[in-house]
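**Student:** What follows is each chain in one-letter form.
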Amino acid sequence: MSVLADAIGFGVVSGAIVSLSSMAMSLQHSVTKHANFSHGELLTVAAYAMVAMQHLTSNVLLDGVVGLVVAALLAVLLDEFVFKPFRTRTRRLVTLLVVTAAASQVLEGTFALIFGANYVTLQVPTSRARHVGPFLWTTTDEVVIGLAVLAFVVTHVVLRYTSFGRSQRAVADDADLARVCGVNTSQVIRWTWIATGLLAGLGGATLAVYSGTFDNLLGFNFLLLTFAAMIVGGIGKMYGAAIAGLLLGIVTSVAGAYTNQGYNQLFALGLLAIVVLVRPSGLFNTRAADTRAFG
Amino acid sequence: MEFTLVILTFVGFQIILSLGLNLQWGIAGMLNLAYIGFMAAGAYVTAVLVLPKATLASGTNYVLGLQWPFWAGMLGGIVAAGILALVVGFVVLGRRLEAEYFAILSLVVVIAMTTVLSEQAGLFNGVEGLINIPQPFGQSLSSTSYGALFLLLVAALAVIVFILAQRVQRSPFGRLGRAIREDETAVQVFGKDPFRAKLKIFVLGGMVAGLAGSLTVLYVGAFAPASWAVGETIFALSCIMVGGSGNMLGGALASAVIVTLFVQVPSLIHIAASNPEILAEVQVMATAILLIAVMRWRPDGLLREPAGSVAKLERRGGLMTGLRRSSLEPAAVPAVPRATVPVVPVVPAVPAGVVRAVTAVEAGANGAAPAASAEPAALEVRGITKRFGGVTAVDDCSFRLPAGGIIGLVGPNGSGKSTLVEVISGFQAPNGGHVLVGGRDVTSWTPSRRAGVGLTRTFQSARVWGKLTVTENLLAAAPGLGREALWRGALRPSTAARADARILPEAEETLHAVGLWPVRDQLAGELSGGQRRLLEFARIVLSGATLALLDEPLAGVNPVMGDTIVEQIRQLNSVRGVTVLLVEHNLKVVSALCPLVLAMDAGKIVAQGTVQSLASSEAFAEAYLGKRASKTRED
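So the sequences go chain by chain: A and B.
When you read off a place in the first sequence, starting at 1, and then add 1425, the result is the number in our numbering.
When you read off a place in the second sequence, starting at 1, and then add 194, the result is the number in our numbering.
Worth double-checking, as some hints may not be accurate.
To be verified - Derived CB-CB ranges, DEER-like:
| id | chain 1 | residue 1 | chain 2 | residue 2 | range |
| --- | --- | --- | --- | --- | --- |
| 1 | A | Arg1704 | B | Gly608 | 42 to 50 angstroms |
| 2 | B | Pro673 | A | Ser1611 | 42 to 50 angstroms |
| 3 | B | Gly415 | A | Lys1509 | 57 to 65 angstroms |
| 4 | B | Glu322 | A | Ser1636 | 19 to 27 angstroms |
Said to hold, decoys possible - Heads up, incomplete: computed chain A residues facing chain B, CB under 8 angstroms, no partners named:
| id | residue |
| --- | --- |
| 5 | Ala1430 |
| 6 | Ala1460 |
| 7 | Leu1518 |
| 8 | Val1519 |
| 9 | Thr1520 |
| 10 | Leu1522 |
| 11 | Val1524 |
| 12 | Gln1530 |
| 13 | Ala1542 |
| 14 | Thr1546 |
| 15 | Pro1550 |
| 16 | Val1578 |
| 17 | His1581 |
| 18 | Tyr1683 |
| 19 | Leu1691 |
| 20 | Leu1694 |
What the hints assert, rightly or not - SDA-like cross-link-like pairs, simulated, lysine to any residue; straight-line CA separation at most 25 angstroms:
| id | chain 1 | residue 1 | chain 2 | residue 2 |
| --- | --- | --- | --- | --- |
| 21 | A | Lys1458 | B | Leu351 |
| 22 | A | Lys1509 | B | Phe621 |
| 23 | A | Lys1458 | B | Gly738 |
| 24 | A | Lys1509 | B | Pro699 |
| 25 | B | Lys661 | A | Thr1513 |
| 26 | B | Lys661 | A | Arg1512 |
| 27 | A | Lys1458 | B | Arg657 |
| 28 | A | Lys1509 | B | Lys661 |
| 29 | A | Lys1458 | B | Tyr413 |
| 30 | B | Lys661 | A | Val1519 |
| 31 | A | Lys1458 | B | Ala293 |
| 32 | A | Lys1458 | B | Arg490 |
| 33 | A | Lys1509 | B | Ala487 |
| 34 | B | Lys661 | A | Arg1514 |
| 35 | A | Lys1509 | B | Ala480 |
Simulated from the structure, these hints should not be mistaken for laboratory data.
Note that beta-carbon positions come from the ideal geometry of N, C-alpha and C, so glycine has one too.
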């Protein structure tokens, strides 16, 4: 009982981080319509930015904010100077996939050059664990969960009630139609990358706080889990991605607790493979596969 | 001297590795991020086959330990990589996934492999990996002569793999692979199974990777999970892209240059030289930057993919690599003189088949059982119904199309014409009813199987294989038979080329007939919309199809070209004898071509007859002129 409760509690925390990352990826995929294999590096850059910021201030919250901004900046720059030229010129999706995979390698190399190939440590305030219901959570854990919930709500409000949100959904649904209706699609794409960077940065920041030590593969190791959450939730569907992220966090944690911790990611990958092979439209998709509706 | 030998040996490894990936990515366009995993499979299996039994003293763990001779270990490694590729390919390729899902799944495969091999120390000694792998040749040799001998082995194998890959690339099988890369759906409608071709090339590429891994492990003597990260696949991909993807020589040359540079340059960069881990990162990073830059500014790489038929090249006395086809001298004499191109009367007599068609359709439409004719109809549609959710797109449609006939299918947007074509061609499964081709019930058949009984189709947007030349498009559409076998392309290239050459006269005659002769050596992707349509018709002729569904063939064609297209459809039907179902909006076109027209509205066939007779029909006018609105109000 206690093993299960602990595993679930642990899974909720890691699931919250996966959700942040997969919401970000889902948002980006919904408008650009291609997978980004360098998504993990958006998480990593936020984590490294926090480590760098610690030389200036020990305020983790402030470090985190800087991490988010850096991730958003990287997202915009990546798209503007690397992805966009290919997106507008090539008709072959696979070209873009190669480019994003190559960009991932470039960023990993850059991190290694700047911060070294070894593990770095992020100083975080020690926090005591306490029981919340059946779960054993530290203050850090609670903050991580709280931030994920907050990010989810904010994203929902922005998408639902702001003019950017309306345009974003329009572009996600049909970019050409949105363009002829007067939506500035390139502006929407840019802001979507910023939102993606912020969410992924938050994911990276919480992951860094949660892990304490990490290397330049921090985000890459999280990439497939993120893909898994996005695909299980239904590609381009932000709410599905968020729920699937939480679910995958719990599934991997519980499965890992009863088998081998080293294998816990394999369960998520297995689920990803099964969903892709059997039901590529995602688990939570109730409509026909060809409608990429929001929600 | 010794250092040079080492560099050259590593160059050899990378060349072999790049060649295998160039088969998968360059020819068939599969973005396999797990590629390095097949190299690892070859390396591990070779290692445990040649290693002695694991002992406590050695401090390592692994299965097997058979102490086989090195060549048996190599064979084992190649076979193991091939089996792994077969299993992975069978599962992943079988589902016809989008490129994106395929790439993600391949990443899943390689990460899962790394995880399992790192965790299961009993398999291949976990993260620490295998060490002390016996050297292939005796210990008695001096290190220089050992290095030279090993280099000789690697060089010989690299040359063999290169020749093999080169042959595959230029063979009819390679052309089929490239066609699949360009447009898989268009391959299906000519009766070829993309899955089998992709699986073959996937396994072949995997085996080449296995060979590279096997050689590496024998040379280095150690292998661990850290030596096969995803970055290595990107590295190989970069070499290919720089050299020119699909061009075996380019990929091999670029591999050689890049590896050599990487061995030499680090001594110049101090920070990298002092930290080997960072060095590896920087190397992958540098190639990744190179990769992006090449894709951005020179997408074809240094050397272009060779395009053009082997048979033609051979006939002109010599195979050229990497040269653009158009830079070669044009053939002095076309195979078929222009005079033999059939001259077709502007107004052809109505073929006998069409008269039968009129009676047949009318009989069917009156609800009476279709007249039992001596010969089965080329196409018979019986009560086809197709629903999407709550929408009935096609509602109980029946008609017969006799051999040699041409029928027009008209109707407003959303009336179900295209869905009906999708069902007849096998791209959508109907909810009810049957499709019969030449009397055979094909309702449950795949599109490529339907092509086997003579059914083909075109699409609303022309689907040509863009990076194949016009002539190659025709050769790739012609029935494969034994010509497109992988083994023949690899082992008997001249037989394959001769088989191609036998089709060439028909291809050239057809090119003259449709008016594409002047552009025969251009890439199909460079053609205009109208020319693409003509190419589609020519492909139908070459494929030997007897029944063609033409879905809005005038879409995307400029009006000037329209008359030519109409004329070519007429020829397809009356000269080539292809039975045609023509879906078209333009009534002028339909009335010029089709003595009989079916009109669809709201999923039903509401009227049939000549265009003139339909124009006076109420149902037809309603459907086309929008009286439905008023009718709905009355309801």
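**Student:** If a hint holds in the structure, say so; if it does not, say that too.
**Tutor:** Status of the hints after comparison with the structure:
1. A:Arg1704 x B:Gly608: 42 to 50 angstroms: Given a distance of about 29 angstroms, which is not inside 42 to 50 angstroms, the answer is violated.
2. B:Pro673 x A:Ser1611: 42 to 50 angstroms: holds (47 angstroms)
3. B:Gly415 x A:Lys1509: 57 to 65 angstroms: Check failed, 46 angstroms falls outside 57 to 65 angstroms.
4. B:Glu322 x A:Ser1636: 19 to 27 angstroms: holds (24 angstroms)
5. Ala1430: violated (26 angstroms)
6. Ala1460: At about 5 angstroms, which falls below the 8 angstroms cut-off, the nearest Cβ of chain B leaves the hint on alanine 1460 (chain A) intact, so it holds.
7. Leu1518: At 5 angstroms from the nearest chain B Cβ, leucine 1518 (chain A) passes the 8 angstroms test, so the hint holds.
8. Val1519: holds (4 angstroms)
9. Thr1520: holds (6 angstroms)
10. Leu1522: holds (5 angstroms)
11. Val1524: Interface hint status for valine 1524 (chain A): holds (6 angstroms vs cutoff 8 angstroms).
12. Gln1530: At about 4 angstroms, which falls below the 8 angstroms cut-off, the nearest Cβ of chain B leaves the hint on glutamine 1530 (chain A) intact, so it holds.
13. Ala1542: Alanine 1542 (chain A) check passes; min Cβ-Cβ to chain B is 4 angstroms, inside 8 angstroms.
14. Thr1546: Nearest chain B Cβ about 18 angstroms off; hint violated.
15. Pro1550: violated (31 angstroms)
16. Val1578: This hint is violated: valine 1578 (chain A) lies away from chain B, its Cβ roughly 29 angstroms from the closest one there, beyond 8 angstroms.
17. His1581: violated (26 angstroms)
18. Tyr1683: violated (15 angstroms)
19. Leu1691: Nearest chain B Cβ about 6 angstroms off; hint holds.
20. Leu1694: holds (5 angstroms)
21. A:Lys1458 x B:Leu351: Violated, at about 42 angstroms.
22. A:Lys1509 x B:Phe621: Between lysine 1509 (chain A) and phenylalanine 621 (chain B) the Cα gap is close to 33 angstroms, so the pair fails against 25 angstroms, i.e. violated.
23. A:Lys1458 x B:Gly738: Roughly 39 angstroms between the alpha carbons, so the hint for lysine 1458 (chain A) and glycine 738 (chain B) is violated.
24. A:Lys1509 x B:Pro699: Roughly 45 angstroms between the alpha carbons, so the hint for lysine 1509 (chain A) and proline 699 (chain B) is violated.
25. B:Lys661 x A:Thr1513: Distance ~20 angstroms between lysine 661 (chain B) and threonine 1513 (chain A) Cα, so the pair holds.
26. B:Lys661 x A:Arg1512: Given pair lysine 661 (chain B), arginine 1512 (chain A) holds - Cα atoms ~20 angstroms apart, limit 25 angstroms.
27. A:Lys1458 x B:Arg657: holds (22 angstroms)
28. A:Lys1509 x B:Lys661: Given that 25 angstroms is the threshold and the Cα spacing comes to 24 angstroms, the pair holds.
29. A:Lys1458 x B:Tyr413: Violated, at about 44 angstroms.
30. B:Lys661 x A:Val1519: holds (15 angstroms)
31. A:Lys1458 x B:Ala293: With a Cα-Cα distance of about 12 angstroms, the restraint between lysine 1458 (chain A) and alanine 293 (chain B) holds, given a limit of 25 angstroms.
32. A:Lys1458 x B:Arg490: This hinted pair holds, its Cα atoms lying about 20 angstroms apart.
33. A:Lys1509 x B:Ala487: Holds: lysine 1509 (chain A) and alanine 487 (chain B) sit about 14 angstroms apart, inside 25 angstroms.
34. B:Lys661 x A:Arg1514: OK: lysine 661 (chain B) and arginine 1514 (chain A) at ~16 angstroms, within 25 angstroms.
35. A:Lys1509 x B:Ala480: holds (21 angstroms)
The structure does not agree with the numbered hints 1, 3, 5, 14, 15, 16, 17, 18, 21, 22, 23, 24 and 29 stated previously, though it agrees with the rest.
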